[in-house]
Amino acid sequence: MPDLEELYREIILDHYRSPRNRGELPAPPAHRVEGFNPLCGDEVILSLEVVDGVLRDIKVAGSGCSISQSSGSLMSAAVKGKPIPEVRELIRMFKAMMSVHEASLSDDDRTAGGGDADVEPEPVDLASLGELAALQGVVKFPVRIKCATLSWNALVQGLDELAAAS
Amino acid sequence: MTVPMSSPNDPLDVEAIRKDFPLLSRTVHDRPIVYLDSASTSLQPRSVLAAIGHYYEHTHANVHRGVYATAEEATALYEGARRKVGAFVGAADPRREIVFTKNASEALNLVVNSWGRANLRRGDAVVLTEMEHHSNLVPWLMLAEAIGIELRYLPVDAQGRLDLCDLDKILDGARAVSVTAMSNVLGTVNPVPLIAEAAHRNGAVVVVDGAQSVPHLVTDVKALGADFLAFSGHKMLGPTGIGVLWGRQELLDSMPPFLGGGGMILDVALERFSPAEVPWRFEAGTPPIAEAVGLASAVDYLSAVGMERIVAHERALTAYTLDALGDRLGPDCRVFGPPAGGDRAGVFSLAYRDVHAHDVAQILDQFGVCVRPGHHCAKPLMRRLGVSATARASIALYNDPSDIDTLVEGLAHVGTVFG
Ligand SMILES: Cc1ncc(COP(=O)(O)O)c(C=O)c1O
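Residue numbers (our numbering), protein chains in the order written: chain A, 1 to 166; chain B, 1 to 419.
Read the hints as simulated data drawn from the structure, not as lab findings. Everything numeric in this text was worked out from a predicted model, so none of it was measured. Careful: at least some of the hints might be erroneous.
Said to hold, decoys possible - Here are the computed lysine to aspartate or glutamate pairs in the EDC-like style, where the Cα-Cα straight-line distance is at most 20 Å:
#1 A/Lys146 with B/Asp365
#2 A/Lys59 with A/Glu131
#3 A/Lys140 with B/Asp365
#4 B/Lys379 with B/Asp354
#5 A/Lys140 with B/Asp30
As the list claims (entries may be wrong) - Computed far set for chain A versus chain B, every beta-carbon distance over 12 Å:
#6 Glu24
#7 Glu89
#8 Gly130
#9 Leu162
Backbone N, C-alpha and C fix where the C-beta goes; we use that ideal spot for every residue, glycine too.
Next up, chain A with everything else stripped away, as it sits in the complex (with noise of 0.2 Å):
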């Protein structure tokens, strides 16, 4: 079952099993964030300390199936530490890489014949990535990719409403 293969990789399947950065920081002085999935129940709580335009530390708590936990763990070990600006830039690699079959489906927004669906896919450089791109496999699922950026979508929002404040 070479398909299940690719979505259940050893890397997500650890990620699942030992997640990283998992937990929550006090808030304040952190940022609290969540995302919910009300079709699946699943859930992710985003706790961001951002010091000096640097995201000095993020913990991950909720729960959900493996790919949406996964996906919350990676994303944690991948922006952990990184300037914001950085943080940002993995993000939209990381949601170019979602759309890449599915353009329409990748965004929160389900705007009706997707604006996005006509513009080409930027090339997505995978090997920047690094372990990230082991969530390749999602985009043949279309219906899981939701669970796939629900962490995603809060790690925007949270920076977001941290830009907005400051």
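Assemble chain B with the ligand onto chain A, guided by the hints.
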């Protein structure tokens, strides 16, 4: 209809039945489809599809309007479907007691909004159960928000049955009881006649959600002791887009309209309207005509096979499933709901180790197995069970032990992937 049946006591011939369902001959991921999601929606036999096709090709016209031949024929088919569906559930007057709706949800909303708003006042109590589908919960919650009725709940015990110890206390002073005849999560068949009897003793009206029971059990509204019964066509081999509300004639007659529009009026002036007779009073706008034709054909199919025979087949397969899951997967697989027996139908909510239901369903899909992951529109019950989601397999007359064997094979593979 190709099911060859000799004596009514012969067991159901699954192989012949499977040939009647075109969708069962397709493959998914290069494997034969194993359809185990009938609690969500059932498949349709060729005869139902043909009846709908034939209706559109030969008869289609609006009902209760034209005088030309096809309009007369369409009206006769539509009203004939009403009588057939009414007879199928034992209605005293099938011509007057059956209202066609969009689905079971709309039928329940009709009861809540028409009977409920006309009869309930602030503080009046309505009794539900902890295992209701959102369709038999949210409309009542909406009414509670709007006019302040009190909602009480019959609890669910550890085995997934209703705990009726305090039945009379909970019913005391209640104006209505609304209960599912069969749980769409646990497969529990509830003792509706007993609850209805107690409810009537307390002067309460009895609403039964038959969305799961009507397709899988012999239904007789008198034996149930129901005052209203709601169900959906698409779960009983019929098409989507049609549901049914059966109601006792005197009750329906006393109720105001629910939705307004064409077809539901006797007379309209600019200042007022007077509603039509029952059941048309509750059927605003052009009804689901082709769907009614399809539903009538589905009822023909179920009746030809025989509901008793279907019950026996599904009961045997339920016992086989519970044994297979228990014997071959052991403690790795948890099955919610009562053990095999007279009050256990073929709905199996599963938890495989601590693997999330989405992952279980995803792996099963690779085996061609269709099950539904999620909360099954029964979030309060899921909370009661202490899980956020389950993978639910459910059977119908076209399933056989080989389907269950594939399910078990797939579940074992979940163990391999998540090792
Ligand atoms: C017990 C129960 N009640 C009501 C419904 C609602 O049926 P429908 O979605 O056809 O309105 C369902 C369907 O899932 C059900 O299982």
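Hint by hint, here is what the structure shows:
This hinted pair checks out: A/Lys146 and B/Asp365 have alpha carbons roughly 18 Å apart, not beyond 20 Å. Restraint check for A/Lys59 and A/Glu131: the C-alpha separation of about 18 Å stays at or below 20 Å, so the hint holds. Restraint check for A/Lys140 and B/Asp365: satisfied, since their Cα atoms lie roughly 13 Å apart, inside the 20 Å limit. The straight-line distance between the Cα atoms of B/Lys379 and B/Asp354 is roughly 19 Å, inside the 20 Å bound, and the hint therefore holds.
A threshold of 20 Å between alpha carbons decides the hint, and for A/Lys140 with B/Asp30 the separation of about 16 Å falls inside it, so the pair holds. Non-interface status of A/Glu24 relative to chain B is upheld: no Cβ of that chain comes within 12 Å, the nearest being about 19 Å off. The non-interface label for A/Glu89 is consistent with chain B: the shortest C-beta to C-beta separation is roughly 30 Å, beyond 12 Å. For A/Gly130, the condition that its CB be more than 12 Å from all CB atoms of chain B holds, with the nearest at approximately 24 Å.
For A/Leu162, the requirement that its beta carbon stay farther than 12 Å from each beta carbon of chain B is met, with the minimum near 29 Å.
Violated hints: none; the structure is consistent with every hint.
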